[in-house]
Each structure stands twice: as structure tokens, then as C-alpha cells.
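*Asks:* Make one complex out of these two single chains by using the hints.
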Amino acid sequence: MAARHDIPNERQLISASQGGNLEAFNQLITGYQGQVYSIAFRLMGEAEAAADATQEAFLSCYRHVREFRGGSFRAFLFRIVTNACYDELRRRQRKPTVSLDDLSSSRSEESDPEDLSVLSDPGETPEEATSRHELRRALEDCLLQLSLEQRAVVILADVQAMDYTEVAQSLKIALGTVKSRLARARANLRDCLSSKGELLPSEFRLEEEAVP
Amino acid sequence: MTAPASLSQHDLELISSFLDGSLTPKERHNFLSRLQQEPELRQALAEIRTVREGLRSLPLIRVPRAFRLTRDMVIPLRPSQSQRSRYYAWGSAVAAMALALLVFFDLSSSWGLAAQSIPAALPAALRTQATPNSPARAAAPFPISSPPAAESFSSPPLASQPTQVQALSAAVPTPAPLFGGAAPASATNELSSSIPQPPAAHTESENLPSQLRPSASPPWASLASTSRPLLRPGELLLALATAGLAIAALVSRRPRK
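Quick mapping for you: the protein sequence lines, in order, are chains F and U. Okay, so the first sequence: first residue is 1 according to the numbering used here, each after it adds one. Okay, so the second sequence: first residue is 213 according to the numbering used here, each after it adds one.
So here's chain U without its partners, still in its complex pose (with noise of 0.2 Å):
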């Protein structure tokens, strides 16, 4: 026997639907005036009726052994692990949150009174550099022009330059050697070591608080001598409150016999 061809996946869906019951009153109407019509439409509804039916007599398969759950089959999967869970989530999520807080607060911090440090270290020692007829603008090994300090100052003219760049270099941060060794020496640092250090500024710059001196020594060596605690409460608090949160979450995260 060979399918009938003519028949479409509509004509298909009418003659499932017609053995299911599923048509509407109009639908089966026209079903009807159909088959009596068509011979292979009639064929078609017989053999696919033929197979529902042998389909809905299969019986149930008969099970190889019972499917009861035990205590022990289900603890894991009880709800109180998914509650650990989401616990465990939200506690690793509020202790990232801290930790970044408290790397926030620190760096904030260390660069804030470096901050103001270097805006207030930068006048002193211009102010040093600028000082008509010292001693530096005498011995310095180029020619030297005589312009008004304010001038030099507003616009300053090019031979003027390496006295500034000096001043500069004493107030801004340079890198310290990593490993105790010297520093590379720039052509700035040694236009700095090669003029002698003026005695009026060197007695203007003992005036200065320590950490706004401009000396050789780096900011931040000054701003380690500052009596500042290595914790202070806010984040000794957020440290702490990370350490608990990360140990409960661990805790949390242990299965439960």
C-alpha cells in the first residue's frame, strides 16, 4: 500500500483533528461533504485511525523497580541548600563590595594629602629659585638674564628655565630607585646637583613645615613620617566586616549532613 499522494499536511491536520474531536462544527461539516466526495481522503481516515487506535491500546511498561525517593536521596536537594546558596551569593557579592571600598578609602586618602602637598611645596620653591642677586644666579655656569622676577614668573624667558625646572624638580615627586641602587640621572637632576644650594633658601625652606621643605627627599618620604595609624577605624571596620562576611559565606557554603 502506498500513501495517498494528494493528500497535504492540511488535509492531514483535518483528518487528526476530525478523529480527535477537535474540529469546529463548520469544519466538521465540510470534513463530512468531503469524504463521501473523496475515496482517498476516506482511505487515509481509516489507516490513521487505525494507528491511533493501535497506539492508545500500548500498555504502560511495566517498571523495573520502585522510583520512591529516600531521605538520603533528597537532603541534598533540600530547599535549604538553595537558600545556602543565594546566602552564599549575596555574602561573596557584599564582601567584594567592602574590600573594593576599603582599597577606594586607602588610595583616596594617600592621594589626597599628596595632593596637598605638592600645590603647597610648588610656590615655596619657586619663591626660593626667584629670589633676585642669591648666590645661585651668581654661580650659575650659564649666562643669567636680569628680568623682574614677576616677569620671569608670568612668562619666563628661555635662559631662565633650568632655575625653574630645578624648582620644579624638587617639588614634584620623582621615582625612588626600586632596588637601593641610584636613580637614572636625568639631564634635569643633574642641572639641579651641578648649583650650589643657596644659603637664603636653604634657611627659608628650614622655616617650612617638614613635609612642605623642598628637599631632596621624595613627598611620600614625608608624608611615611607622619604619625598616621596603618588602619584607621572606618577601615579597620570594613576589613573586618570583609574577613566575617568571607568566613560565614565558607561556612555557609559547607554541605550539611
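This is chain F alone, in the form it adopts within the complex (with noise of 0.2 Å):
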């Protein structure tokens, strides 16, 4: 699971980069680039261009890191690297190399389980892994059928577990864009889940957990 990672030390670290250690710097770059880039791959569904924004994020982090006044470092850095994949995003659109499908099957293929670094529960069966894995795969594919700033909103209040008030901060708009957007989101994801039934393992299949 996605939980946060509280990094030690993490204001001194801030600190000393602010006045330009770099060492201080690549700490923190060590504790967020787990989170960072799978940020950066849900949001673009490609691995290379995933590694490239989360580079070019921390890049532009250390650039910035003078501008940050407090708060949430996670929604500071967070912000800058879904900046860098829309900046991306858009860059591609404008000139498509790829289409959305052929990022989906791209991503398919990258989504084995080692890719996805399976945190498998010990006294789970083998069934119940490929089950879970299955399901992590249908959630994948139907995140990336969301639009990018559903995308985005789910990606950091689900997937990365922030509140709305970090989520706010991180995408740079309100918090009541952040409530509804979120809520289509979920129900669209409902609904990609759905049309995807005989693939999830049973506790996943909707209409039958839904019969009283």
C-alpha cells in the first residue's frame, strides 16, 4: 500500500537544502522518488516518460526549494512534479507520438508483478495473490482512462492518501473542485470496474456484493 513515508528529519533537510547542500537534498530525493514516480507513471502511464518528469521534477525542486515557506513539503513537491507531467502531457498532445491506447497496452505490459513491486501478505495464498493482482491491474487500466484531472485527484487523495487540504495545495485549485472532482472520479472508476467484472476476484465483483 501507498502509505506515507514520514521522512526523520525531514525540516532540517529542508533547511540545509534551502542553503544549498545537496547531500541534505539528495536525503529528501531518496525518501519522496518512490512516491514521486509512481505519481509520475500513473499519471503519464509510461515508464520512461514517468522517469523523466520525476528527474526533471526533483531538478526543478532543488531549483525552488529556496521558495518554500513551510507547510506541506509532500504538496510542494508533489505540485511541481504533476506541473512537470502535465507540462508533458500537453507537450505530447500537441504532438502525438503515442496514442492513449497504445499507452495503455505499453503500460500492460510494464505492470508485471515485479514492476509493480508487489507488497504480497505473508499467509496469503497463491489464488488470493493473483487475485489481488488482477485487481491491481483493472485499477490501472481504468485510471488511465479517467481524465487527467480526475487522474490527478485520485492519484494523490487515494492512491497516495492526502487530504483534501494537500491536494488543494499540490494541484493548485479549490477545495471544492477537489471534493467533486474526486467524487466523479471514484464513480467513474466504479463503473470502469464494473465493465471489468470477470476480471476482479469475487470480493471485487460489485453487483454481488451489492445483493443484500
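It should be emphasised that the hints constitute simulated quantities derived from the structure, not laboratory data. Take these hints with a grain of salt, some might be off.
Calculated from the model, a selection of chain U residues having no Cβ within reach of chain F, i.e. all distances over 12 Å [claimed, not checked]:
hint : residue
1    : R246
2    : P271
3    : V275
4    : P276
5    : L311
6    : A312
7    : G446
8    : A453
Computed footprint of chain F on chain U, listed as stretches where at least three residues anywhere in the stretch have a Cβ under 8 Å from a Cβ of chain F [as the list claims (entries may be wrong)]:
hint : segment
9    : 223-235
10   : 259-270
Between beta-carbon pairs, the in silico distance windows are [said to hold, decoys possible]:
hint : chain 1 : residue 1 : chain 2 : residue 2 : range
11   : U       : R268      : F       : R92       : 24 to 32 Å
12   : F       : A174      : U       : D318      : 53 to 61 Å
13   : F       : S15       : U       : R268      : 39 to 47 Å
All residues carry an ideal CB built from backbone N, CA and C; glycine is no exception.
*Replies:* In C-alpha cells form, the structure reads like this:
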């Protein structure tokens, strides 16, 4: 699960980075690179583009770290990475080289269990692990079918478990916009998962679960 | 399964906010009351809760490589780079302003001298042409009435206009030929050349300063002949400051390894 990983001595590391200490900033990178890359990968749906956006985001963050005036550094950093992904996606829309279907298919090829770094639960049977993996693949595919705005909100709010305020800061949108986009995105994901019902493990077959 | 059709956007937001624990106590109470009465709302809540939990169980994706920054990567992005850009911008602006001041002062000083020479030359030329019984009047190829000089100066009759035009043509600068050829002959110039130059006027004009003589040469010829340095100290200082700022801006713009 993409739980929040608090970085020890984060404030001190940020202060040192603002003073130009590159090693301190690299410690921040080490603590956040998994979350940042996951956001970029799920926003863009392609490993190479996600890696480029992640590297660009960290460079940009180091460049602007002096502008950080407190609050949530995670929101500050995630805003930079989402902006980097938006810029890259808009650039690709102007000069399309890969269609959304291609992105989805390449995404499926990359989404093997090793790439997803499946955290298997101890005591989980192979069948349960397979079912869980199928669910994750279905969710990842459904995420790519959302609009970019809905995708960003649901990735930050649900996958990264950020609260509404942090999401609003990261995406620079109003709190009400976060709520409405998140509600619509979750409803769209529910519809998408329903259409992939045969791929879902039994506990995620919504029709069966909904029957009292 | 199909999505409950009766659910509005407001209901979807209520469900999301309920799951995230962001409803007010009153909203939560009302929502729980509706859940007991509306099976479609209960179904939607269960489905969206499942989606939310599935999303929150998605793992981090393993990074393909480390994204640590190296000195080589960040050197071009050091803060001094932006400072140098600011210096370059300010240096360019100051150099442009200095250049504009230089041009302005140079032009204004030139025009100031020209403006001083023209009004001084005009009365002298007019006095020369308005002298009664002058040979110019006698030798004029057209009949000239003999009004008083003051009258002709204040309200010149039609017959005396060519004479004053001649005087003005001698005082007001006329364009010089660009490539050494003769200037285009206008009617005024032809008229002026057809009138013999009066000796009295010639004597009087010789008494004037050289730059104010109503001669055939244009006033800027006399301006050029004055002993004025190419650049005065102020202009020289501005020119040196402009050149220095431009060089400093170029040097500061070069990337530092």
C-alpha cells in the first residue's frame, strides 16, 4: 500500500537544502522518489516518460526549494511533479507520438508483478495473490481512462492518501473542486471496474457484493 | 451491474465525503438517515468504498533508477545563474538608456546651435533686401513698387514677395545634393540667382559673424566649420559607460564551468 512515509529530520534536511546542501536534498529525494515516480507513472502511463518527469521534478524542486515557506513539503513536491507531468502530456498532445491505447498496452506490459513491486501479504495463498494482482491491473487500467484532472485528484487523494487540503495545494485548485472531482472520479472508476467484472476477484465483483 | 441512475453529483460528493470523514455532524446524521431509507444509496456507498480501498491498496511502483542529483546536474541551476541573468538584464537596460541619452544630447545640442543661427540670420538678410534704392531693386526684372520699408515688412505687397523669398531662401537651409550633383533647381532658386547681388548687402554681410552670413552655403556648413570636438566630455563619459556595461553584460552571460 502506498502509505505515507515520513522522512526523519525532514525540516532540517529542507533547511540545509535551502542553504545549497546537495547531500541533504538527496536524502529528501531518497525518501520521496518512490512516491514521486509512482505519481508520474500513474499520471503518464509510461515508465520512461515517468522517469524523465521525476528527474525533472527533482531538479526543479532543488532550483525552487528556497521558495518553500513551510507547510507540507510533500504537497510542494507533488505539485512540481504533477506540473512536470502536465507539461509533458500537453507537449505530447500537441505532437502526438503514442496514442492512449498504446500507452495502455505498454502500461499493461510494464505492469508485471515485479514492476508493481507487489507487497505480498504473509499467509496469502497464491490464488489470493493472483486475484489481488488482477484487481490492481484493473484499477491501473481504469485510472488511465479517467480524464487527466480526475486522475490527478484520485492519485493524490486515494493512492497517496493525501487530505483534501494537501490535494488542493498540490494541484492549485479550490477545495470544492477537489471534492467534486474526487467524487466523480471514484464513480467513474466504479463504472469501469464493473465493466471489467470478470477480471476482478470475487470480493470486488460489485454486483454480487451489492446483493444483500 | 449498472450504476444507480438516481444518484446526483451531490449524492456522489456526499458519499465521498462520508468515506473520507469530512462531513459535518449534521450532514453525517442526515446522510445516515437517508442510507436507512434508500437502498440505491447504500449500494453506491458499498461500491465506492470498495473502489477507494482498492486504490489505497495500490503499491508504490519500484523506481527504475536512483534520482539523486549530482554536482554536474545542478551547477547550471545554481542560484548564481539566475543572479547573473538579472545582472545581464539590468546591464542591458542601463546600457540602452545610456545610449539613448547619448543620442538625445547629441541631437539636442546640434539642433540648439542650428536654432540659434537661423533667427539671427533672418533679420540680417531681410535688412539687406529691404534697403531702398538698392541695385537689386533697380535691376529687378519685374516692376517693383516702392512702398515704405516698414510697410513692406509688416504686410508685404504681392510684388515684393520674390525679394523676401530670396532673403528667406538665403537664410533657411536648403537640402544639399547627396551625391555631389547640383541641387534640384526650384523656382525660388532660379529667381534668387537671377537677381544680382547688391554690393551694399555684400559689404554688410561681411560684417556679420561668419556663421551668420546669408551666404549660399547652408548653415550646417558653418556649423561644421566651428571648432567643436567630436565628443564632449559628457558624451565621452556616456559612451565609455555604455561600452563598459555592454562588455560586463556579455562577460557575465558566459556560462561558468
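*Asks:* Verify this label for me: A453 of chain U is non-interface relative to chain F, using a Cβ-Cβ cutoff of 12 Å.
*Replies:* holds, 33 Å
*Asks:* Does the Cβ pair A174 of chain F, D318 of chain U satisfy 53 to 61 Å?
*Replies:* Distance hint for A174 of chain F, D318 of chain U holds at roughly 58 Å.
*Asks:* Say whether it holds or is violated: L311 of chain U keeps its Cβ farther than 12 Å from all Cβ of chain F.
*Replies:* Holds: least Cβ distance 34 Å, greater than 12 Å.
*Asks:* Checking C-beta pairs, does the segment 259-270 of chain U have three or more residues closer than 8 Å to chain F?
*Replies:* holds (count 10)
*Asks:* With d taken as the least Cβ-Cβ distance between V275 of chain U and chain F, does d exceed 12 Å?
*Replies:* violated, 5 Å
*Asks:* Quick one: work out the minimum CB distance from P276 of chain U to chain F and report holds if it exceeds 12 Å, violated otherwise.
*Replies:* Nearest chain F Cβ is 6 Å from P276 of chain U, so the label is violated.
*Asks:* Does the beta carbon distance between R268 of chain U and R92 of chain F stay inside 24 to 32 Å, or does it fall outside?
*Replies:* For R92 of chain F against R268 of chain U, whose Cβ atoms are near 29 Å apart, the range 24 to 32 Å holds.
*Asks:* Beyond 12 Å from every chain F Cβ: check whether that's true for P271 of chain U.
*Replies:* violated, 5 Å
*Asks:* Count the residues of the segment 223-235 of chain U whose CB lies closer than 8 Å to any CB of chain F, then report whether that count reaches three.
*Replies:* Per the Cβ count (7), the hint holds.
*Asks:* Against chain F, does G446 of chain U hold up as non-interface, every C-beta pair farther apart than 12 Å?
*Replies:* holds, 43 Å
*Asks:* Is A312 of chain U truly not at the interface, in the sense that its beta carbon sits beyond 12 Å from all beta carbons of chain F?
*Replies:* holds, 35 Å
*Asks:* Verify that the Cβ of R246 of chain U lies farther than 12 Å from every Cβ atom of chain F, and report whether the claim holds or is violated.
*Replies:* holds, 16 Å
Consistency note: the structure conflicts with the earlier hints numbered 2, 3, 4 and 13.
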